[in-house]
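Q: Now for the letters of each chain:
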Amino acid sequence: MKKFLIPLGLFLVLVGFLAVGLTRNPQEIPSPLVGKSAPGFALPTLDRSAPSFGPQDMRGQVWMLNVWATWCVSCREEHPLLVAFSKANQLPIVGLSYKEIQSQDMPSGSKMSPEDKLQRARERSAQWLQRYGNPYAATVFDLDGRVGIDYGVYGVPETYVIDQKGVIRYKRVGVITQELLDAQILPLVKKLNAL
Amino acid sequence: MITNFLGIKRLMQGFFFLLAAAAVGTAQSKEAEPSAKEPLIEQRLIHISEELRCLVCQNESLASSRAELANDLREEVRLLIRQDKSDAAIKAYLVERYGDFVLYRPEVKPLTWLLWFGPFALLLCGLVGMALYVRQRQAVQKLAKPLSEKERDQVRVLLKNGESP
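Line by line, the protein sequences are chains A and B.
Under this note's numbering, the residues of the first sequence are numbered 29 to 223, in order.
Under this note's numbering, the residues of the second sequence are numbered 15 to 179, in order.
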């Protein structure tokens, strides 16, 4: 028997495991929220059309929740895709502005009042959306990140697909790509709309 | 792939924070304030958050991470402690949102069996393999007969020739 084949085989198995490991993204953590009800919130909106906005306002339709911020570089990367996608009118996208005002934005030593923060966040976001296009049916502000915690946000951008009954069906941490849209999100939306 | 993550930003922030702290030396005094006020809460916070993973910088515990999300989550845990929630309830609260991954010591359940028992299974495989190998060798050695007197002479001749050709 060729004995040297045993360590070689073991080595190849190890290489196999490591090779698979390389293709996986350690930042992608399976979300426990998929299949659960989207946590409720009532947050101020960008256009002030309503005093507050929440998932309950989207009941009865399939919609997308996109977590973003103007300081988030990769949000800019996925933004053109979202703008193009929103023009196709396949499902409404709600923008959740996550902690728009960061600690370094505040004058050192003093605390900004929540009203000032909201004012500043509205200005900055409106400017940004005007510049890069606005794919959002509504934009809401999670200034202190508490809603973010409820949604398990740990890396912006994040995207959720929520069904008619308010159940989270899909979560993506990181940039949305055309491939993801075509291969996962659109088929899912089609399936959900057929229900 | 996720190129810019909170992580990169935080890393930079951490770097500047260090710079700032080195330059000014006062930056940390603000952070330490709450612990002086509520030592019991801080104690519990540290106890709990040492067992929790920071999701941004994944190899750091929530207790030691300086990422902003870790700050927020510590604040959240403080809040839950003030509400008199048990350690288990607080951990469950975070697992509900971020998954088992936030626990440094994941629960033992079918999904994590491989994680918990895999190394022992491998060890067992190794032991069985070794036992088989040793047995086989012993069997081979038993088969070998001691040399006869004639063979010994031959060996001696061979060895001698080898020494002085």
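FYI, nobody ran anything at the bench for these hints, they're computed from the structure.
Where hints are given, some of them may not hold.
DSSO-like mimics (lysine-lysine), calculated; alpha carbons at most 30 Å apart, straight line [what the hints assert, rightly or not]:
id, chain 1, residue 1, chain 2, residue 2
1, A, LYS218, A, LYS193
2, B, LYS156, A, LYS30
3, A, LYS193, A, LYS64
4, A, LYS115, A, LYS218
5, A, LYS64, A, LYS218
6, B, LYS105, A, LYS193
7, A, LYS115, A, LYS31
8, A, LYS115, A, LYS64
9, A, LYS64, B, LYS164
10, A, LYS31, B, LYS156
11, B, LYS123, A, LYS30
12, A, LYS31, B, LYS159
13, B, LYS174, B, LYS164
14, B, LYS99, B, LYS123
15, A, LYS115, A, LYS193
16, A, LYS64, B, LYS123
17, A, LYS219, A, LYS193
18, B, LYS105, B, LYS123
19, A, LYS64, B, LYS105
20, B, LYS174, B, LYS156
21, B, LYS159, B, LYS174
22, A, LYS31, A, LYS218
Q: Taking the numbered hints from earlier one at a time, note which ones the structure violates and give those numbers from smallest to largest.
A: 7, 9, 11 and 22
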